[in-house]
Amino acid sequence: MRARIRPVLQSVSAASGESTFLALVTGHDYLCVDAVQSSKPLHLAVRPGERKSLLGEALGHVLLAADTDLAASVRGDDPESWERHAREIAVAERHGFALDLDSQKAGISCVAVAVTPRAAIAVAGPTMRLPKARLVTIGLKIRQELDAVRPANQEWL
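For reference, each letter of the sequence shown is one residue, going 1 to 157 in this note's numbering.
None of these hints come from the bench; they were simulated from the model. Small disclaimer: the values here were computed from a predicted structure and weren't measured. Incorrect hints may appear among the rest.
Said to hold, decoys possible - The calculated label-pair distances, taken between Cβ atoms and stated as ranges, are:
| hint | residue 1 | residue 2 | range |
| --- | --- | --- | --- |
| 1 | Lys40 | Asp69 | 33 to 43 Å |
| 2 | Leu42 | Glu83 | 16 to 26 Å |
| 3 | Asp69 | Gly17 | 31 to 41 Å |
What the hints assert, rightly or not - The list that follows gives simulated cross-link-like pairs (lysine-lysine, PhoX-like), each with its CA atoms no further than 25 Å apart:
| hint | residue 1 | residue 2 |
| --- | --- | --- |
| 4 | Lys105 | Lys40 |
| 5 | Lys105 | Lys141 |
| 6 | Lys132 | Lys105 |
Backbone N, C-alpha and C fix where the C-beta goes; we use that ideal spot for every residue, glycine too.
Put together the whole structure using the sequences plus the hints.
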């Protein structure tokens, strides 16, 4: 999958000018496995090997929206945190992408799209360059790029 997704990361990063990364579910976390860094002086540096909780960020929320079994496990393990983020997860399920609008780190915004129930792509950068409308456009671009590299007869989200 990583080999098929790398060109998508490169294309989306080039089109958006922002850092783009691929992450996989590991337990109740996600693990960044590949990244294309923005060449702009001010950018979010994402490094393969970074691990974060599924709850609290767009990438985790889109993965939870894509996998009901995973969502049930996370919800059962930490119901209080789940309740704090349930609305964002429901919105991600409805729209097919999740947004962080300056909510997790001051000055950073992100859009994430699930590739499969266990993998997602995200684009993140400074909020001043990534208002909500632009993030939605980037999310749609990610979906188009994924459609172009999807293997025949394989259902990606």
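Here is how each hint holds up against the structure:
In this structure the supplied range 33 to 43 Å holds for Lys40 paired with Asp69, their Cβ-Cβ distance being about 39 Å. As the Cβ distance of Leu42 to Glu83 is approximately 34 Å, the hint placing it in 16 to 26 Å is violated. Distance hint for Asp69 and Gly17: a CB-CB separation of about 36 Å, consistent with the stated range 31 to 41 Å. At roughly 19 Å between alpha-carbon atoms, Lys105 and Lys40 fall within 25 Å of each other, so this suggested pair holds.
Proximity of Lys105 to Lys141 is assessed by CA-CA distance (about 24 Å); at most 25 Å being required, the pair is judged to hold. Distance hint between Lys132 and Lys105 is fulfilled; the C-alpha atoms sit about 15 Å from each other, no more than 25 Å.
Hint compliance for this structure: hint 2 alone is broken.
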